[in-house]
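Number of protein chains: 2
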Amino acid sequence: MRRGPPGFCIWLTGLPSAGKTTIGKELVPRLVERGWYADLLDGDEIRLGISSDLGFDRKSRETHASRVAFLSKLLARNGAIPVVTLISPYRSSRDHARTTIGRFVEVYVNTPLMVCEDRDVKGLYKKARSGQIKEMTGVDDPYEAPEHPEIVVDTLNLTPAQSAAYILGELERQGWLSGTATPRPA
Amino acid sequence: MRRGPPGFCIWLTGLPSAGKTTIGKELVPRLVERGWYADLLDGDEIRLGISSDLGFDRKSRETHASRVAFLSKLLARNGAIPVVTLISPYRSSRDHARTTIGRFVEVYVNTPLMVCEDRDVKGLYKKARSGQIKEMTGVDDPYEAPEHPEIVVDTLNLTPAQSAAYILGELERQGWLSGTATPRPA
Chain A
1 MRRGPPGFCI WLTGLPSAGK TTIGKELVPR LVERGWYADL LDGDEIRLGI
51 SSDLGFDRKS RETHASRVAF LSKLLARNGA IPVVTLISPY RSSRDHARTT
101 IGRFVEVYVN TPLMVCEDRD VKGLYKKARS GQIKEMTGVD DPYEAPEHPE
151 IVVDTLNLTP AQSAAYILGE LERQGWLSGT ATPRPA
Chain B
1001 MRRGPPGFCI WLTGLPSAGK TTIGKELVPR LVERGWYADL LDGDEIRLGI
1051 SSDLGFDRKS RETHASRVAF LSKLLARNGA IPVVTLISPY RSSRDHARTT
1101 IGRFVEVYVN TPLMVCEDRD VKGLYKKARS GQIKEMTGVD DPYEAPEHPE
1151 IVVDTLNLTP AQSAAYILGE LERQGWLSGT ATPRPA
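Chain order of the listed sequences is A and B.
Taking our numbering, I'd label the letters of the first sequence as residues 1 to 186.
Taking our numbering, I'd label the letters of the second sequence as residues 1001 to 1186.
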């Protein structure tokens, strides 16, 4: 029998360039090492797979987040740990994901806007400030920070590896890895 | 450690009312009984989850099949068995799914058109014949039967439970359940 503790979803939310994908990439192999099936569901990559028709307006972002939630639900109920890295700026979308998936760990990657804008990994802040693109989260589109996330990572004084290690420790402490955690409803 | 033999995708293709979903529902619990994580990805249900924007023209059907393939790839690479039940009338879509997923078992649910039309589970054949709906597979849209499927189920003399048992036997014989099968490329 291959069945073990139930799967769950780790949902990393935060501003563009907050470090979500980088931390996710550090986190996945640590979960795999411990015997889990874990997979990075990166917002941008998943767009190519199931949401190539969608843009970045509010409705499109919500639809995309709801598809990612659907996908994560399937993975989690089959024993795996989807590690979602998605700006997911709206509280309502994340609450919808929580309700859909059930076993849901919201991780707020808390990096100040100024730091994110300074990194500007994809050059999007620059483009948004100069008006080349619109609907940029943090610039002309809101980011609604989580109010009761299971985990907050303050990335300012942590490397991505340290952030991943911190998340892993919290997952353990809260009972997610042993299957004893009690999911919080939306 | 929870890792066992690798997952794979079971893709049931066939005409509308051929019995795909019914057989899939019989198959999933049999796989679960043997210790696998297995999940029914029914074409109609998945549409609500990730393809509510799509219609039934050729391009929409291809896009939908490609999203289902993406989802199945994620499940299979995380050790689960997605059991897809989708008309998937075009050979090119199924080949695309095979290439995407890799570990792919194409099951042709071979039920003659006349029998399917006689069952007409959703009343769609009747609507198509009277011109109320268009693009109905088997009526005014083609169904391209698989040329080299891993498994063919001739449903005429089998109950759905017997069809599922037959598929399970073939999966075993071909080495899919022990992880020794060699996937056929597209």
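It should be emphasised that the hints constitute simulated quantities derived from the structure, not laboratory data.
Some hints here could point you the wrong way.
Taking lysine to any residue and the SDA-like style, the derived pairs with C-alpha atoms no more than 20 Å apart in a straight line are [stated by the list, open to error]:
1. K25(A) <-> R1077(B)
2. K73(A) <-> K1126(B)
3. K134(A) <-> V28(A)
4. K59(A) <-> S1052(B)
5. K1059(B) <-> L1040(B)
6. K73(A) <-> L1048(B)
7. K73(A) <-> G1138(B)
8. K73(A) <-> K1073(B)
9. K73(A) <-> V28(A)
10. K1073(B) <-> Y90(A)
11. K73(A) <-> S1052(B)
12. K73(A) <-> R1047(B)
13. K1059(B) <-> L168(A)
14. K73(A) <-> D44(A)
15. K73(A) <-> K1059(B)
16. K1073(B) <-> D42(A)
17. K25(A) <-> G35(A)
18. K1073(B) <-> L40(A)
19. K73(A) <-> S1060(B)
20. K73(A) <-> L1168(B)
21. K134(A) <-> Y90(A)
22. K73(A) <-> V1028(B)
23. K25(A) <-> P185(A)
24. K1059(B) <-> L48(A)
25. K1025(B) <-> K1126(B)
Here is what the structure says about each hint:
Simply put, K25(A) and R1077(B) have alpha-carbon atoms about 17 Å apart, close enough for the 20 Å limit, and the pair holds. Proposed proximity of K73(A) and K1126(B) is contradicted: the alpha carbons are some 36 Å apart, above 20 Å. Our distance criterion of 20 Å between C-alpha atoms is broken by K134(A) and V28(A), whose separation comes to about 32 Å. Using a Cα cut-off of 20 Å, the hinted pair K59(A) and S1052(B) holds, with the two alpha carbons roughly 13 Å apart.
For the suggested pair K1059(B) and L1040(B), the alpha carbons sit about 24 Å apart, so the restraint of at most 20 Å is broken. Only pairs whose Cα atoms come within 20 Å are accepted, and K73(A) paired with L1048(B) is accepted, the gap being roughly 14 Å. Proximity of K73(A) to G1138(B) is assessed by CA-CA distance (about 34 Å); at most 20 Å being required, the pair is judged violated. For the proposed pair K73(A) and K1073(B), the alpha carbon gap of about 15 Å is at most 20 Å, so the pair holds.
The straight-line distance between the Cα atoms of K73(A) and V28(A) is roughly 17 Å, inside the 20 Å bound, and the hint therefore holds. Between the alpha carbons of K1073(B) and Y90(A) the distance comes to roughly 28 Å, so the proposed pair goes past 20 Å and is violated. For a cut-off of 20 Å, the pair hint linking K73(A) to S1052(B) stands: about 17 Å separates their Cα positions. Of the pairs offered as hints, the one joining K73(A) and R1047(B) holds, with about 15 Å between alpha carbons and a cut-off of 20 Å not exceeded.
A C-alpha spacing of about 43 Å is found between K1059(B) and L168(A), which places the hinted pair above 20 Å, so the restraint is violated. Among the hinted pairs, K73(A) with D44(A) is consistent with the structure: their alpha-carbon atoms are about 19 Å apart, no more than 20 Å. With a C-alpha separation of about 27 Å, the suggested pair K73(A) and K1059(B) falls outside the 20 Å cut-off, and the hint is violated. Distance hint between K1073(B) and D42(A) is fulfilled; the C-alpha atoms sit about 15 Å from each other, no more than 20 Å.
Taken as a hint, the K25(A) and G35(A) pair is honoured in the structure, with Cα atoms around 16 Å apart against an allowance of 20 Å. Distance hint between K1073(B) and L40(A) is fulfilled; the C-alpha atoms sit about 13 Å from each other, no more than 20 Å. The straight-line distance between the Cα atoms of K73(A) and S1060(B) is roughly 24 Å, outside the 20 Å bound, and the hint therefore fails. For a cut-off of 20 Å, the pair hint linking K73(A) to L1168(B) is broken: about 26 Å separates their Cα positions.
A C-alpha spacing of about 17 Å is found between K134(A) and Y90(A), which places the hinted pair at or below 20 Å, so the restraint holds. Our distance criterion of 20 Å between C-alpha atoms is met by K73(A) and V1028(B), whose separation comes to about 17 Å. Annotation: proposed proximity of K25(A) to P185(A) is violated, straight-line Cα distance about 27 Å (limit 20 Å). A threshold of 20 Å between alpha carbons decides the hint, and for K1059(B) with L48(A) the separation of about 16 Å falls inside it, so the pair holds.
For the hint linking K1025(B) to K1126(B), the alpha-carbon distance of about 25 Å lies beyond 20 Å, and the restraint is violated.
Hint compliance for this structure: hints 2, 3, 5, 7, 10, 13, 15, 19, 20, 23 and 25 are broken, all remaining hints hold.
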